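Engineer: The chain contents come next:
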Amino acid sequence: MNRRAVIQGIAGVAATAMLTASGPAAAAVSGWRRIPSTKVQIPSVGIGSWITFNVGSDPVLLDRSTRVIAAFLEEGGGVIDSSPMYGSSQATIGHALAQLGDAGRVFSADKVWTSAADARGQLEQTGRRWGIGRFDLLQVHNLIDWQANLELLFALKAAGQLGHVGITTSHGRRHGDLERIMATQPVDFVQLTYNLADREAESRLLPLAHEKGIAVIVNRPFRRGALIRHLSGKPLPAMAPELRAESWAQISLKFILGHPAVTCVIPATTRVDHVRENKRVVLGPMPDAAMRQGLAAHFADL
Amino acid sequence: MNWLDYRLHDFLLFAPDAYWRLFEQANHGVWPLPLAFPLLIAICLGAYWRFRRTVPYLAVGALGMAWAWCGGFFVDRWYAQINWLASYAAPAFYLQALLIVGTGIIWGRRHELAVSTWRRLAGLILVVGASFLYPLAAFTRGQGIMGGEFVGIATDPTAVATLGFGLIARGPLTAICIPIPLAVCVTSFLTLWAMGSWQAAVPLAVIATILISRLPPSKPPTGARAADH
Numbered sequence: 000m001n002r003r004a005v006i007q008g009i010a011g012v013a014a015t016a017m018l019t020a021s022g023p024a025a026a027a028v029s030g031w032r033r034i035p036s037t038k039v040q041i042p043s044v045g046i047g048s049w050i051t052f053n054v055g056s057d058p059v060l061l062d063r064s065t066r067v068i069a070a071f072l073e074e075g076g077g078v079i080d081s082s083p084m085y086g087s088s089q090a091t092i093g094h095a096l097a098q099l100g101d102a103g104r105v106f107s108a109d110k111v112w113t114s115a116a117d118a119r120g121q122l123e124q125t126g127r128r129w130g131i132g133r134f135d136l137l138q139v140h141n142l143i144d145w146q147a148n149l150e151l152l153f154a155l156k157a158a159g160q161l162g163h164v165g166i167t168t169s170h171g172r173r174h175g176d177l178e179r180i181m182a183t184q185p186v187d188f189v190q191l192t193y194n195l196a197d198r199e200a201e202s203r204l205l206p207l208a209h210e211k212g213i214a215v216i217v218n219r220p221f222r223r224g225a226l227i228r229h230l231s232g233k234p235l236p237a238m239a240p241e242l243r244a245e246s247w248a249q250i251s252l253k254f255i256l257g258h259p260a261v262t263c264v265i266p267a268t269t270r271v272d273h274v275r276e277n278k279r280v281v282l283g284p285m286p287d288a289a290m291r292q293g294l295a296a297h298f299a300d301l
Numbered sequence: 000m001n002w003l004d005y006r007l008h009d010f011l012l013f014a015p016d017a018y019w020r021l022f023e024q025a026n027h028g029v030w031p032l033p034l035a036f037p038l039l040i041a042i043c044l045g046a047y048w049r050f051r052r053t054v055p056y057l058a059v060g061a062l063g064m065a066w067a068w069c070g071g072f073f074v075d076r077w078y079a080q081i082n083w084l085a086s087y088a089a090p091a092f093y094l095q096a097l098l099i100v101g102t103g104i105i106w107g108r109r110h111e112l113a114v115s116t117w118r119r120l121a122g123l124i125l126v127v128g129a130s131f132l133y134p135l136a137a138f139t140r141g142q143g144i145m146g147g148e149f150v151g152i153a154t155d156p157t158a159v160a161t162l163g164f165g166l167i168a169r170g171p172l173t174a175i176c177i178p179i180p181l182a183v184c185v186t187s188f189l190t191l192w193a194m195g196s197w198q199a200a201v202p203l204a205v206i207a208t209i210l211i212s213r214l215p216p217s218k219p220p221t222g223a224r225a226a227d228h
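Respectively, the protein sequence lines represent chains E and L.
Each residue of the first sequence is one higher than the one before, starting from 0 at the first, in numbering that gives the first Met the number 0.
Each residue of the second sequence is one higher than the one before, starting from 0 at the first, in numbering that gives the first Met the number 0.
Rather than coming from a laboratory, the hints here were simulated on the basis of the structure.
What you are looking at is a predicted structure, and each value in this text was computed from that prediction instead of being measured.
Heads up, a few of these hints could be off.
With the Cβ distance kept under 8 Å, some of the chain E side facing chain L (calculated, not the full set) [what the hints assert, rightly or not]: (1) Thr51; (2) His170; (3) His174; (4) Thr269.
Over the 12 Å line for every Cβ pair with chain E, so calculated as not near, a few chain L residues [as the list claims (entries may be wrong)]: (5) His8; (6) Ala14; (7) Arg20; (8) Leu21; (9) Gln24; (10) Val29; (11) Trp48; (12) Ala67; (13) Ile81; (14) Leu84; (15) Gly143; (16) Val185.
No residue lacks a Cβ here, since even glycine has one placed at the ideal position from N, Cα and C.
Work out the full structure: start from the sequences and follow the hints.
Structural biologist: Okay, structure coming up:
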């Protein structure tokens with residue numbers, strides 16, 4: 000056993016404790032945030048699976064995905080988010096976890112993406128693909144049949160078969176409906192798109208989440224990579240060294256995580272080095288409101 | 000749900016590498032079967048070239064098998080793994096196979112070639128390109144021939160070869176060789192375009208060729224007719 004393995008083992012034990020409990024010790028660890036409704040702590044950088052883990056039965060790409068998830072777990076783990084809509088992504092995650100074991104470092108998040116009549120069957124299939132019996136978070140995907148699906152998820156949570164209930168949207172769609180749901184339903188999580196270019200959530204949804212104590216998962220932080228491609232080669236903001244940000248990816252993540260309402264961001268990637276780069280974003284300070292305005296202004300000027 | 004909020008890229012469920020590697024896996028599993036359909040097509044073309052005769056039963060049989068195999072083997076078994084929409088498309092491939100074989104049986108040896116030389120030439124180019132050039136595009140992606148798209152395995156060359164056959168033939172075969180293969184080309188163009196692949200230009204060019212070929216022949220100038228009187 001080498002020094003790296005020992006450190007990773009210690010980190011793993013700490014991570015296990017954090018994902019299953021809460022308390023003053025948890026709050027002291029950098030990069031972890033509390034879910035307001037249950038006080039459970041999770042790492043603020045998770046991982047998404049849209050497109051990147053949809054690799055079918057390709058052994059080469061399955062191995063690549065397993066390496067990505069292994070690196071994610073080595074760096075502390077956290078939210079792994081998927082959906083039945085994402086092709087074989089659920090099975091890819093299950094394949095990786097079967098090899099790696101989650102060691103309590105995974106906050107499993109998936110979605111219901113069907114009508115309420117078929118929801119139970121889909122949830123069973125989702126569990127089989129992941130290879131787990133109980134999810135930490137299940138969300139209603141893109142508000143599909145949301146009244147009946149939320150009712151089902153609340154019932155599962157009340158029965159102790161589910162940790163948290165959430166609802167999702169992306170690409171800035173149906174924010175009006177999402178706002179009404181957040182205002183009237185006791186959801187633990189909301190998932191939405193928020194990044195340097197898509198900032199509509201700032202006006203109403205993020206303040207409402209903060210006010211109502213709803214945890215926020217941010218998807219599409221890089222606009223599926225388009226944002227980073229657009230920013231490639233452009234100068235980093237002058238405050239980058241102060242934030243200990245070395246790349247536009249880290250600047251983008253810090254901009255998101257700097258918002259006080261955001262609990263977690265879930266960038267998707269196929270690369271181990273990008274996982275580690277994303278995870279390192281929590282090492283430096285997060286921008287305050289004024290700095291975030293400066294980042295947004297700098298981005299707008301590019 | 001407002002569908003106008005969606006862009007083409009939002010419907011792409013997979014990354015380009017996952018898509019291109021499907022062909023490598025599919026070919027590898029049944030190698031050298033992928034070479035069978037181009038070989039059959041080469042025999043048909045050789046017979047036409049050498050004896051100036053068509054080989055209708057062989058041609059429709061090969062194309063029918065190509066569509067059935069492509070639908071059952073590639074679309075439903077491989078492509079559906081990363082694109083759940085594909086499993087809904089597989090029946091269209093079986094239908095196309097039935098249409099080709101059924102039409103071939105009913106009309107038997109009455110197949111005739113298109114009157115227009117231009118159409119025959121365009122059809123020949125599509126058949127040859129789909130059968131023998133399409134697989135070579137794998138090299139531009141850094142894959143070997145095992146990653147090639149072959150008629151009878153991959154959707155695009157199967158559709159393009161069928162459209163080419165439809166241009167060469169005349170009568171009912173032409174009619175049944177166009178709708179579904181054209182729909183495959185449109186879908187392929189949108190997919191490859193969303194993937195950012197240069198190969199999107201190929202189905203687009205094929206679609207344009209087919210649409211131009213379906214234009215009615217130009218009429219003689221009305222002024223010339225009037226001058227006769």
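Engineer: Please write out, lowest number first, the hints stated earlier that are contradicted by the structure.
Structural biologist: Hints 3, 5, 6, 7, 8, 9, 13 and 14 not satisfied by this model.
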